[in-house]
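Join the two chains into one complex using the hints; note that each chain is given alone, in its own frame.
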Amino acid sequence: MEAALGLLRRMPPKQSETALSALLSLIPQHSSDLLSQVDLPLQVLRDIESGKDFILCEYNRDADSYRSPWSNKYLPPLEDALYPSSELRKLEVEANDIFAIYRDQYYEGGISSVYMWEDDNEGFVACFLIKKDGSKSGHGRRGCLEEGAWDAIHVIQVGPEEEGMAHYCLTSTIMLSLATDDESSGKFGLSGSIRRQMKMDLAVAEGHLCNMGRMIEELEGKLRNSLDQVYFGKTREMVCTLRPPAEIVQMRLPDT
Amino acid sequence: RRRITGGDGTKLRPEERNRKVVSPQRSRWRNQLRCQRFKGAVLSDEEVYNEAAMEAFPVYNKSHMICLEMPSRAGDVIVSSYSEIAENEYIDPRTAQVAIVDHVKQICTKVRPANDEELPSLYIEEYRNALDAEIQRYVSESYPKGISAVNCVKGKDTEGPGSDFEFVVIITAMRLSPQNFCNGSWRSVWNIDFQDESQVLDIKGKLQVGAHYFEEGNVELDAKKDFQDSTIFQSADDCAIAIANIIRHHETEYLAALEVAYSKLPDNTFKDLRRKLPVTRTLFPWQNTLQFSLTREVEKELGLGK
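As given, the protein sequences belong to chains A and B, one line each in that order. According to the numbering used here, the first sequence holds residues 5 to 260 in order. According to the numbering used here, the second sequence holds residues 1324 to 1629 in order.
Just chain B, with the same shape it has in the complex (with noise of 0.2 Å):
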């Protein structure tokens, strides 16, 4: 999906604006919008393009949370604010791997070996190892094309107990169907926070689920929600345990609700903005608005109605 973000909302000028009434061919114009690919392009300036790519695209890959295959079948890294080394290098903590990125093309053009100051010290890559494990099965059974990544991205080179440190657990699933006109997105951000002094895990996450679906039309949705949630400090192995069941449990119930509001729609929601039906359950009586009219005047005069 190439989105161009140039511009700057700046308003109108009067003068762009025609000074005659516009006549209703424009009706005509519309009716010829179908999906073709671009023939042409809206800037025909390659070098103001790129600079504009090279400033857009890392922003949407990142908030995306885009995943990349890495070369030689090591799977996939997340491109993220939390797996990120420098702007176009990425860790995947599972594989020790930092991956050379290309925004722009939404490649991962080569790998390398993490080193040292880059990797969390043993004792915190005991529990996150542990707690990936327990998220990758987790996700493995929930989302049929679901990726998932542990980053500690406070305390990494703790090497005790004594200190708190903090992991971000990525959840995140795409589904590009561009030539069915439909695209969605599911990314979950869970921030476990490790508090040596109160022995507490305390949970943070924040879900948010978009699908764009443009055939004849274009209709988007845009659903997110924040969670809190806490368990006990642990090993390495009941803390995963205990995770990974607190975000299964809030994601679950997460898309039930999404089902329930859904299914609230043609009936309650909707119907704030537009009834399906008149009060009376009949369509309007057009021929008989004379009628209409003056029962309005009528309720006026008697002060009636809203």
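So here's chain A without its partners, still in its complex pose (with noise of 0.2 Å):
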């Protein structure tokens, strides 16, 4: 597992769905493992019942049926399924409804979707999905990419409340990938993906949903930056380090 998990942490991001599908062949008897730790990029299913689209994951899927947060009714249909409680079913109607507002604010189209569940420990875990297709035939506002896909998946585990207080501990998880075509820079394509973790104690006077938005909306603020300036940084640092800009070049001719 582990020689499986570093290969697919220096896949090139594009073919991680390759490489995951050739592992599985590979390691048969690690497919479940394999499968529950790596991520792919979302799909998505359209509920017709609610005239919405939303998006799959292994947290709203019980055998090969996905359950919808519109109408939190499995597709296809599914005997025996597991449902949250009603109680947090009520919460994870409210966190769907806004954190497709905070969808709209920051992403100006995409899709999201919210899903929750008891744990083990009297707390509760939620997972705030978002996908978004940034082409210029997708939701792209201003038209500049070929290709633009966002893909972010934050996973809260929600501790018990303890004299109103509680635990959140978020695993973000963010994949992208985005492509330009124009005349002078030909075809420009960054894809990554990065993953951070977040823990807080926050008090739970204004609701669970506003601690998880707002750990969420840090974090996530935080990760888009990392891959602006970090990641991508380091690959323009790369090309310029395998050929330098005129200018750097002229200085080094008086040494030759």
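These are computed hints drawn from the structure, not numbers from a lab. C-beta atoms are modelled at their ideal positions from N, C-alpha and C, and glycine is treated no differently. Careful: at least some of the hints might be erroneous.
With the C-beta cut set under 10 Å, the calculated list includes, among others, these residues of chain A facing chain B [stated by the list, open to error]:
(1) 20
(2) 77
(3) 197
(4) 238
Covered by chain B, per the in silico footprint, the following chain A stretches (three or more residues, Cβ under 8 Å) [unchecked claim]:
(5) 9–15
(6) 25–32
(7) 79–89
(8) 109–122
(9) 145–151
(10) 186–193
(11) 202–215
A few chain A residues that face chain B, going by a derived Cβ cut-off under 7 Å, partial list only [as the list claims (entries may be wrong)]:
(12) 138
(13) 154
(14) 172
(15) 196
(16) 239
(17) 243
(18) 245
Here it is, written out as structure tokens:
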């Protein structure tokens, strides 16, 4: 497993699905582990009843069916399926509505879904997902991207409430790919994924949604900046290492 | 870099998936991903590995145009489809040697002199050699660790004027720093088509730049561009200078364009994926979301909004 995971974290991000399939055929005995530990770009299904799309992930799956956060029904229909309690479902409904507005504000389009379920420690776990197609044929407002995909997965464990406080543990994963195609720079593509964790103990006075929402917003922002400045920046540095810009080359001539 | 290319992309069978909902303990696993050396192999069967490697390595080596050091300080040979004589033999036109190569180990095991059938005619060699020298000069000026070669891929037996012939100029630079979690490569392939009848050189270029950074994350740049240009058919020396100038011009411009593409990222390109802040320029008012919902209801009722 270690070798498999080590390989996967080095594979070109755009080939992670192929790499995962290959590993599943090579080490089928680890397939459930691999599937549960590797993130792939999110898939979407349409909930015809409510007329809205919802995102598929391990957290709303049971067998081969997926539960829609809008209608709370499994598609395709499934007997004896797992559902959150009615109280948690109320929170889940609210979370989906609020998160849709948050998504709109930051993503100007895209799809979001939130799933919640009780965990063994009398707390609960919530999964907030966003999928955005930022290409010019999708929801890209400025039309600069030939291709643009952003997938965000935020899994947040909420501990039981104790003396008005709760412990929150957020693990956020961002997967993205973008590509431009123009006269001067040709086909320019950047893709990648990054994952970070954030833990906080917060007062529950304003409600769980408020706390979770703020943490997600903060970590998402940090990851966006990190990808942009640090990660893409490193690739930019590498290009300049391979072939320094003309001004720098000229300065070198006296040595040679 | 060892990459295993196995598998055929088969889809998952339903019985491979769990029936019960996966618990959030998976996030604990994820955080244990650290950079460590592989302690065990994914594949324990040597024979299968060797078979796959024998197939995968030549493809990788040729498409990445890896450079292998030839014995006795003869320089580097570029492994590419343009210099391939046989599956494990690659010609270095500059030293008129053929390198025998072990693809899987990525080393040149020995060299032999190229025989007459493998080398171009004197007439062609005059043009090839002149161009090779000019390109070498350009590459040493512009690439800290660049390696180049000029191969004749068509018409190498042409004895004099009256026929067409074609060269391929390869420029490759690689920077491998796995200990810093960063690798990169620059590959230029320029096709120079010497057209006798029109007395024109038709030039087509393909540039490909890649960079991979994978420290606590995994990000890759994949950039490519095609070029087209031409110049007149002159003496060997004059052609060499003209071609090298054209290549230098396009590559320098391309590098500048890449810089521009990078500088547009934070405030333009990236914005189409996710804004830094909402249009309101403030963080999302989580505590006031009831107010927000109300606004949306009103918007919907009045048929406003997007």
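Evaluated hints:
no. : hint    : result
1   : 20      : holds (9 Å)
2   : 77      : violated (16 Å)
3   : 197     : holds (5 Å)
4   : 238     : holds (4 Å)
5   : 9–15    : holds (count 6)
6   : 25–32   : holds (count 8)
7   : 79–89   : violated (count 1)
8   : 109–122 : holds (count 5)
9   : 145–151 : holds (count 5)
10  : 186–193 : holds (count 6)
11  : 202–215 : holds (count 3)
12  : 138     : holds (4 Å)
13  : 154     : holds (4 Å)
14  : 172     : violated (12 Å)
15  : 196     : holds (3 Å)
16  : 239     : holds (4 Å)
17  : 243     : holds (6 Å)
18  : 245     : holds (6 Å)
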